[in-house]
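S.K.: Sequence:
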Amino acid sequence: MKNKDFELRYNLTGSDRKRLVTAIAEILNSPAKYKGAPSFGYEVDYFTIDKNGTISFDDRADSEEIEKLIERLHEQGFEAEPRFEDLHMTEEEELGLGRQHRDPIGEDGMQASDVPDEDIGLVIEMPRSSFTDTALENLKRLVESKKSLISKALGCKDIDIDIVDEKVRFPWFEDGTDPDAVKAYTLFITALCEMAKTQKRVTAKEKDTDNDKYAFRCFLLRLGFIGDGYKAARKILLRNLSGSGAFKSGNPKVQELVECINADAGLYDDVMSLQDKEVSDDEVSK
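123 is the number of the first residue of the sequence shown in the working numbering; add one for each residue after it.
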């Protein structure tokens, strides 16, 4: 039996869980099998959905396939719960992320000394000892698979990972003076590293996308940036990207009007009005 090493919690029961199972079966093109007592769960291919709507999967799943599943479920209105509360960092890892054991004096515990000078930028470090060789290779592949999107999102051309003096360094951040941005970057690196450590298979091939903001938002959801608690971080990490984070192909109503605008210039105001009504901060309203 394979070990279940990752979970997505949707917290759904009854008919809502059945809808989730049906959606997963359709997305994966695989039948759902009811397991009965004592688990009362379903199996779809190598994914298991328990009685509380938690999806677990084993090391046969790769990152790209899981991300595709999350994206398709998101399109159908299913949102997983946050998972950052499951992250446990060592003291050395916390120090590498700029957190120090002092009495906090500012919002979120940030102090002036936690933020480097503007001309230095921000470098986030993790101890090399916290990564197995496999995890480090996964990290490199994970970054490579999203290289273009990460580069655009952070405004950094060079997103190579440096391994220096037993440290895994991420010198990707030009601005280390904004506490909110520092927090978002910290969460991002933490989640990347956690995925690299827990995911058995990572595909390094980068996929083309015609909607950068939507593609990266789905990746952030895959990393665990879910819910209102991560809204500010998502906004910061998505602000440099073009496209719509709420619709894979843009707002369909807007697109329909754009196709007709050359025939009727009076539609311009309608287009602008609909664009203004797109979901705030790229969140899909429920």
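These are computed hints drawn from the structure, not numbers from a lab.
Among these hints, one or two may not hold up.
Dumping the calculated DSS-like pairs for lysine-lysine here, alpha-carbon to alpha-carbon at most 27 Å [claimed, not checked]:
hint, residue 1, residue 2
1, Lys289, Lys269
2, Lys155, Lys190
3, Lys353, Lys190
4, Lys327, Lys274
5, Lys305, Lys289
6, Lys157, Lys269
7, Lys157, Lys322
8, Lys289, Lys327
9, Lys322, Lys269
10, Lys155, Lys262
11, Lys173, Lys279
12, Lys329, Lys353
13, Lys262, Lys279
14, Lys289, Lys173
15, Lys262, Lys319
16, Lys190, Lys329
17, Lys279, Lys289
18, Lys262, Lys305
19, Lys327, Lys190
20, Lys327, Lys269
21, Lys319, Lys289
22, Lys190, Lys157
23, Lys319, Lys305
24, Lys157, Lys262
25, Lys173, Lys155
26, Lys269, Lys305
27, Lys262, Lys190
28, Lys155, Lys269
29, Lys319, Lys329
30, Lys322, Lys190
31, Lys353, Lys274
Simulated restraints, written as ranges between beta carbons of each label pair [stated by the list, open to error]:
hint, residue 1, residue 2, range
32, Ser252, Glu296, 22 to 28 Å
33, Ser251, Ser137, 26 to 32 Å
34, Gln198, Glu259, 30 to 36 Å
35, Gln198, Glu328, 23 to 29 Å
36, Glu165, Lys262, 29 to 35 Å
37, Ser273, Asn174, 37 to 43 Å
Just so you know, even glycine gets a beta-carbon here, dropped at the ideal spot from N, CA and C.
S.K.: Against each hint, give a clear statement of whether it holds in the structure.
M.R.: These are the hints, each one checked on the structure:
Our distance criterion of 27 Å between C-alpha atoms is met by Lys289 and Lys269, whose separation comes to about 21 Å. Annotation: proposed proximity of Lys155 to Lys190 holds, straight-line Cα distance about 21 Å (limit 27 Å). Proximity of Lys353 to Lys190 is assessed by CA-CA distance (about 21 Å); at most 27 Å being required, the pair is judged to hold. Restraint check: the Cα-Cα separation between Lys327 and Lys274 comes to about 17 Å, which is no more than 27 Å; the hinted pair holds.
Simply put, Lys305 and Lys289 have alpha-carbon atoms about 20 Å apart, close enough for the 27 Å limit, and the pair holds. Distance restraint check for Lys157 and Lys269: the Cα-Cα separation of roughly 40 Å exceeds the 27 Å cut-off, and the hinted pair is therefore not satisfied. Restraint check for Lys157 and Lys322: satisfied, since their Cα atoms lie roughly 26 Å apart, inside the 27 Å limit. With a C-alpha separation of about 26 Å, the suggested pair Lys289 and Lys327 falls inside the 27 Å cut-off, and the hint holds.
With a CA separation close to 20 Å, the supplied pair Lys322 and Lys269 stays within the 27 Å bound. Our distance criterion of 27 Å between C-alpha atoms is broken by Lys155 and Lys262, whose separation comes to about 36 Å. With a C-alpha separation of about 45 Å, the suggested pair Lys173 and Lys279 falls outside the 27 Å cut-off, and the hint is violated. For the suggested pair Lys329 and Lys353, the alpha carbons sit about 25 Å apart, so the restraint of at most 27 Å is met.
A C-alpha spacing of about 16 Å is found between Lys262 and Lys279, which places the hinted pair at or below 27 Å, so the restraint holds. Straight-line distance between C-alpha atoms of Lys289 and Lys173 comes to about 42 Å, which puts the hinted pair past the 27 Å bound. Between the alpha carbons of Lys262 and Lys319 the distance comes to roughly 12 Å, so the proposed pair stays at or under 27 Å and holds. Taking the CA atoms of Lys190 and Lys329, the gap is about 12 Å. The hint holds against a cut of 27 Å.
For the hint pairing Lys279 with Lys289, the CA-to-CA distance comes to about 21 Å; that is within 27 Å, so the pair holds. Of the pairs offered as hints, the one joining Lys262 and Lys305 holds, with about 22 Å between alpha carbons and a cut-off of 27 Å not exceeded. This hinted pair checks out: Lys327 and Lys190 have alpha carbons roughly 14 Å apart, not beyond 27 Å. For the hint pairing Lys327 with Lys269, the CA-to-CA distance comes to about 10 Å; that is within 27 Å, so the pair holds.
Proximity of Lys319 to Lys289 is assessed by CA-CA distance (about 16 Å); at most 27 Å being required, the pair is judged to hold. For the suggested pair Lys190 and Lys157, the alpha carbons sit about 25 Å apart, so the restraint of at most 27 Å is met. Between Lys319 and Lys305 the alpha-carbon distance is near 21 Å, which keeps this suggested pair within the 27 Å criterion. Distance restraint check for Lys157 and Lys262: the Cα-Cα separation of roughly 38 Å exceeds the 27 Å cut-off, and the hinted pair is therefore not satisfied.
For the hint pairing Lys173 with Lys155, the CA-to-CA distance comes to about 13 Å; that is within 27 Å, so the pair holds. For the suggested pair Lys269 and Lys305, the alpha carbons sit about 21 Å apart, so the restraint of at most 27 Å is met. Our distance criterion of 27 Å between C-alpha atoms is met by Lys262 and Lys190, whose separation comes to about 20 Å. Among the hinted pairs, Lys155 with Lys269 is inconsistent with the structure: their alpha-carbon atoms are about 38 Å apart, more than 27 Å.
For the suggested pair Lys319 and Lys329, the alpha carbons sit about 22 Å apart, so the restraint of at most 27 Å is met. Restraint check for Lys322 and Lys190: the C-alpha separation of about 17 Å stays at or below 27 Å, so the hint holds. With a C-alpha separation of about 19 Å, the suggested pair Lys353 and Lys274 falls inside the 27 Å cut-off, and the hint holds. Take Ser252 and Glu296: their Cβ atoms lie about 26 Å apart, and the range 22 to 28 Å holds.
Look at Ser251 against Ser137: about 48 Å separates their beta carbons, and that is not inside 26 to 32 Å. In this structure the supplied range 30 to 36 Å holds for Gln198 paired with Glu259, their Cβ-Cβ distance being about 34 Å. Restraint check, Gln198 to Glu328: a C-beta distance of roughly 26 Å satisfies the suggested window 23 to 29 Å. Taken as a hint, the range 29 to 35 Å holds for the pair Glu165 and Lys262, whose Cβ atoms sit roughly 32 Å apart.
Distance hint check: the CB atoms of Ser273 and Asn174 are about 38 Å apart, consistent with the given range 37 to 43 Å.
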